[in-house]
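Participant: Sequences and hints are given; from them, build the entire structure.
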Amino acid sequence: MFGTKVFLNGKDLGEHLPCFTPGFFNVKDALKPGENELIVRVGSSRNSIPLTIPSGLDFEKERYIPGIYDNVELILSGTPNIIMVQAVPDINRNQLRVQLHVGNSGEAAISNISFTIRESRSKKIVGQLNKEVKLSAGKEDIVDVTIPIKNCRLWSPEDPFLYTLEVNTDADETSTRFGMREFHFDTLTKKAVLNGKPYFLRGSNVTLYRFFEDSTCKNLPWNATWVRKLHKSFKQFHWNSLRYCIGFPPEEWYRIADEEGFLIQDEFPIWYGGTGWCSWPKELHADELVKEYTEWMQDRWNHPSVVIWDASNETVCNNGKTDETGEAVSKVRSLDLSNRPWDNSYSQSREAGDVFESHPYHFQDPKFQLKDIAKAGIIPQGNNYPNTGKYAVIINEYGWLWLNRDGSTTTLTKELYKNLLGENSTIAQRRHLYAMYTAAETEFWRCHRNAAGVLHFTALGYSRSDGQTSDNFINPAKLEYENEFLKYVPDAFSPVGIMLDEWGKDIEIGKSHNFKIIAINDLEPAWSGSVHLQILKGKKVIIDKSIQLTIPSYGKKAISIVCEVPNISGLYTVQAVLEKKDSKQVKSIREILFK
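So the sequence shown is residues 88 to 682, counted in my numbering.
Hints listed in this document are in silico derivations from the structure and should not be mistaken for laboratory results.
Hints are supplied without guarantee of correctness; some may be wrong.
Here are the simulated lysine-lysine pairs, BS3-like style, with alpha carbons at most 27 Å apart [what the hints assert, rightly or not]:
{"#": "1", "residue 1": "Lys632", "residue 2": "Lys319"}
{"#": "2", "residue 1": "Lys319", "residue 2": "Lys305"}
{"#": "3", "residue 1": "Lys632", "residue 2": "Lys603"}
{"#": "4", "residue 1": "Lys454", "residue 2": "Lys477"}
Distance ranges between label pairs, derived from CB positions [said to hold, decoys possible]:
{"#": "5", "residue 1": "Asp631", "residue 2": "Lys319", "range": "33 to 39 Å"}
{"#": "6", "residue 1": "Lys627", "residue 2": "Ser552", "range": "51 to 57 Å"}
{"#": "7", "residue 1": "Pro368", "residue 2": "Thr251", "range": "40 to 46 Å"}
{"#": "8", "residue 1": "Asn601", "residue 2": "Arg536", "range": "18 to 24 Å"}
{"#": "9", "residue 1": "Gly361", "residue 2": "Glu510", "range": "27 to 33 Å"}
{"#": "10", "residue 1": "Leu566", "residue 2": "Arg180", "range": "37 to 43 Å"}
{"#": "11", "residue 1": "Lys119", "residue 2": "Asn310", "range": "25 to 31 Å"}
{"#": "12", "residue 1": "Ser615", "residue 2": "Lys319", "range": "27 to 33 Å"}
{"#": "13", "residue 1": "Gly464", "residue 2": "Phe146", "range": "36 to 42 Å"}
{"#": "14", "residue 1": "Glu245", "residue 2": "Ser512", "range": "39 to 45 Å"}
{"#": "15", "residue 1": "Leu508", "residue 2": "Gly642", "range": "45 to 51 Å"}
{"#": "16", "residue 1": "Phe94", "residue 2": "Lys671", "range": "55 to 61 Å"}
For every residue, glycine included, the Cβ atom is placed at its ideal position computed from N, Cα and C.
Facilitator: Following this line, the structure appears as structure tokens:
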């Protein structure tokens with residue numbers, strides 16, 4: 088950041104202006120025996136690079152911090168040298184396709200190239216191939232091979248099993264990890280499919296470049312122990328997916344996502360929308376994006392965790408008149424031999440199997456109340472073009488209920504909390520409402536089953552008095568979450584989940600009421616147990632009615648439980664509870680006035 092120029096022993100080796108992708112420089116002619124002096128010059132600000140280059144504009148950031156965010160490596164080899172390798176799983180045939188780019192700076196020759204596949208942890212060899220290849224003089228050749236894998240084991244968030252591919256020429260070697268997994272969106276059901284089976288995405292977002300601005304950030308993003316613990320902490324919310332949003336994290340984050348088991352929607356750091364200073368720069372065109380998207384894909388495509396390429400965030404190109412991101416996507420998508428789906432943000436999707444991005448912020452209207460959800464549409468829409476039902480939908484932002492870590496409102500939610508709680512609300516009241524409403528909205532979008540994925544915003548960000556959004560930590564360094572969030576939100580993301588379809592409307596005392604409930608099952612085995620409708624006064628359960636319930640494989644079940652409500656007016660807690668022997672209860676909770 089922002090732009091790179093490299094000198095070795097005083098010799099200018101060239102420059103690489105993109106901010107988010109790796110640059111490669113040939114150092115051969117500048118190397119000398121003994122000590123060498125390497126200088127990497129980076130830009131000092133976004134103004135250091137031309138408007139032809141994406142610079143990571145984020146409407147909610149204050150500081151655009153320059154520097155080197157990831158590793159600097161010196162790669163040495165003879166010839167033929169390995170330029171690039173792409174590992175392409177074929178889970179139906181239990182084999183790996185490998186596409187290898189090999190450079191030869193010498194004369195035309197025949198070279199032996201060996202391929203070895205090992206289980207990453209045990210180091211056990213499970214696949215091997217040797218191939219003699221004719222290499223052209225002074226050129227780059229592509230070698231394409233297929234390697235069977237013995238006792239192939241699939242990769243998933245529940246079982247993130249990894250392999251290592253080792254490639255050797257007569258003068259070079261490299262290794263890359265991969266997972267045997269296949270991911271796509273079904274064009275009929277509009278649901279995600281992982282390894283041939285339906286898979287529901289539940290998760291959140293990481294806005295790391297905003298966290299860079301946070302006073303607690305320090306060296307945490309480069310501390311592998313902390314990064315791993317962060318990802319492990321996400322599992323308590325039943326999250327299996329993340330969007331790395333408006334800024335790529337260091338390479339180590341992707342390695343950890345591979346190991347811990349997360350599906351990543353990888354978002355290129357472009358955010359332009361509207362008019363004026365935030366509109367799409369007329370100087371930025373698809374040809375530049377093709378270069379940068381290509382470098383990005385080549386850097387990521389062997390990670391099993393990366394399952395969706397995301398071209399930008401909430402972006403409108405040239406006020407909707409052109410689609411530079413879409414044009415770039417159409418030119419680079421064939422490079423990925425695994426054929427991952429693309430998200431083209433607020434511009435039109437391009438091909439069947441791509442994804443429609445939705446940010447349905449109910450509470451963006453500061454006068455919106457929870458009871459208004461009862462009248463809200465259950466089909467998630469986009470902000471610039473309608474959801475026609477042609478593409479799978481991912482809701483990767485929703486809510487608009489953010490609180491800073493100290494419990495104060497953000498600049499975007501100040502008026503909302505005045506409307507919901509009045510002028511003099513306490514920190515405890517705001518945190519309680521935030522957690523309950525976030526859980527309720529999560530249930531709403533998940534249980535109506537019109538989205539392939541529901542991702543909360545945001546798992547990691549900044550917290551500042553003049554900020555717009557925030558995460559749910561009390562102490563990010565120690566990974567301490569706010570207690571109300573911990574109490575209510577995990578159940579809302581439970582794989583077997585439940586929604587009490589009541590939204591705060593007053594209920595008449597002393598009469599029978601039909602409580603509607605929707606239960607869902609993200610898993611392959613059918614779920615059988617009981618569902619309870621409970622009414623509590625304080626912490627005491629005063630009414631408990633239950634029925635037996637079976638939720639089919641990957642399915643949902645709508646039911647009703649009729650009961651007579653208490654004849655004493657007041658505020659009550661009503662909850663729907665899923666219960667099964669030897670399993671943790673899952674609850675959907677509402678606070679309702681009986682009068």
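Participant: All hints, please: hold or fail.
Facilitator: The hints, checked one at a time:
no.	hint	result
1	Lys632 - Lys319	37 Å, violated
2	Lys319 - Lys305	20 Å, holds
3	Lys632 - Lys603	13 Å, holds
4	Lys454 - Lys477	32 Å, violated
5	Asp631 - Lys319: 33 to 39 Å	36 Å, holds
6	Lys627 - Ser552: 51 to 57 Å	40 Å, violated
7	Pro368 - Thr251: 40 to 46 Å	42 Å, holds
8	Asn601 - Arg536: 18 to 24 Å	22 Å, holds
9	Gly361 - Glu510: 27 to 33 Å	32 Å, holds
10	Leu566 - Arg180: 37 to 43 Å	41 Å, holds
11	Lys119 - Asn310: 25 to 31 Å	36 Å, violated
12	Ser615 - Lys319: 27 to 33 Å	31 Å, holds
13	Gly464 - Phe146: 36 to 42 Å	26 Å, violated
14	Glu245 - Ser512: 39 to 45 Å	41 Å, holds
15	Leu508 - Gly642: 45 to 51 Å	38 Å, violated
16	Phe94 - Lys671: 55 to 61 Å	59 Å, holds
In this structure, the hints that do not hold are numbers 1, 4, 6, 11, 13 and 15, in rising order.
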